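These protein sequences, in sequence, are chains H and V. With numbering that gives the first Met the number 0, letter number 131 in the first sequence gets 130, and the count goes up by one each step, no holes. With numbering that gives the first Met the number 0, letter number 61 in the second sequence gets 60, and the count goes up by one each step, no holes.
Partial list, derived from the structure: chain V residues whose beta carbon lies under 10 Å from chain H:
| id | residue |
| --- | --- |
| 1 | LEU15 |
| 2 | GLY16 |
| 3 | ILE39 |
| 4 | MET42 |
| 5 | ALA43 |
| 6 | ALA47 |
| 7 | ASP49 |
| 8 | SER50 |
| 9 | ASP53 |
| 10 | ILE54 |
| 11 | MET55 |
| 12 | LEU56 |
| 13 | ASP57 |
Quick list of in silico lysine-lysine cross-link-like pairs, DSS-like style, CA-CA up to 27 Å:
| id | chain 1 | residue 1 | chain 2 | residue 2 |
| --- | --- | --- | --- | --- |
| 14 | H | LYS71 | H | LYS82 |
| 15 | H | LYS82 | V | LYS76 |
| 16 | H | LYS58 | H | LYS221 |
| 17 | H | LYS167 | H | LYS221 |
| 18 | V | LYS76 | H | LYS71 |
| 19 | V | LYS8 | H | LYS82 |
| 20 | V | LYS69 | H | LYS71 |
| 21 | H | LYS191 | H | LYS58 |
| 22 | H | LYS133 | H | LYS58 |
| 23 | V | LYS8 | H | LYS75 |
| 24 | V | LYS76 | H | LYS75 |
Rather than coming from a laboratory, the hints here were simulated on the basis of the structure. Source: prediction; values computed, not measured. The C-beta atom is built at its ideal place from N, Cα and C for all residues, glycine as well.
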Amino acid sequence: MILLEGCVGWITGASRGIGRATALEAAQQGASLILTARSVEGLEETAAEIEKAGGIRPKLVVCDVASMNSLKMAFKEVQAHTKRLDFLVNNAGILNDAILGMISEAQIDEVMRTNIFSVILIMQFGARLMTPHKSGSIVNVASIIGRTGNEGQVVYGASKAAVIGATKSAARELARYNVRVNAVAPGVIQTKMIDNIPTDKMEELMRSIKMARPGTADEVAKVNCMLASNYTSYVTGQVLGIDGGMWL
Amino acid sequence: MPALDNEQKLRQAFSLGLNLPESEINDNFQYGSSAQWDSISHMALVAAIDSTFDIMLDTDDLIDMSSYGKARGILTKYGVQF
Chain H
0 MILLEGCVGW ITGASRGIGR ATALEAAQQG ASLILTARSV EGLEETAAEI EKAGGIRPKL
60 VVCDVASMNS LKMAFKEVQA HTKRLDFLVN NAGILNDAIL GMISEAQIDE VMRTNIFSVI
120 LIMQFGARLM TPHKSGSIVN VASIIGRTGN EGQVVYGASK AAVIGATKSA ARELARYNVR
180 VNAVAPGVIQ TKMIDNIPTD KMEELMRSIK MARPGTADEV AKVNCMLASN YTSYVTGQVL
240 GIDGGMWL
Chain V
0 MPALDNEQKL RQAFSLGLNL PESEINDNFQ YGSSAQWDSI SHMALVAAID STFDIMLDTD
60 DLIDMSSYGK ARGILTKYGV QF
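Model the full assembly from the supplied sequences, consistent with the hints where possible.
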């Protein structure tokens, strides 16, 4: 079964990690894609991998989701490229940890702009391309930290909890237009984001995962594509954990 | 069939976006004055206007667009002549 054949989708943060894996999987599933990220080199690498695997060459748009001007330019480019959006994966995000007492205002601003302001603004834009067609799916990449919290991740946890709240509210608003909004909450996923976790902390994390291993970006990508597709046509407002049983 | 002028196009976009007959839409038609024009249907209205005039309304303009008359004024900023 080809899940996304003939669908047009936008994936943010597609230059690496979960975003790149989601782009590759979506392309394999037949989607025509618009990919955004800050790094043009990373986007080109993702596009090359898609083409190498026989997928459709994606439209690439360099965009820093933390910048309102950059977002506005991206919206214009996306709108010029397509009048219809079948799915949107809000994946772009940053991790910038600090314990209470060491959190700067600039850090809060950067994390919130990237992880939640952009999600709301891009959902708002995406909905404009979905509601006229009475169809669409938005997948927001939250995190297990948005559900459980974690030491040193007050800001990141707050931003991801906000993604979950925004997802549920948007799902309520857009259901009448047959536009679904869901979130995924990945646990420990083997990407560059976790490279800096100290060994002892990583061992502790592994002990808390029932499946006793980190997940892969591909495993998150498959869930993203499933939620993006009509295979889950009656699922909205949900937060799906992808964490090997870390949070039960 | 003659092409629609911009006034007719805007009326049609309101009708389509808010699922209302065109006869109910006039200069005094305001956000909240009909159960059909609430915060949620506002999104569909914006989508209909974007699509009709092939523009993308800025967020500030979405918030400002509180009546049919205001919508017309906002559209002139995007080069739409009435």
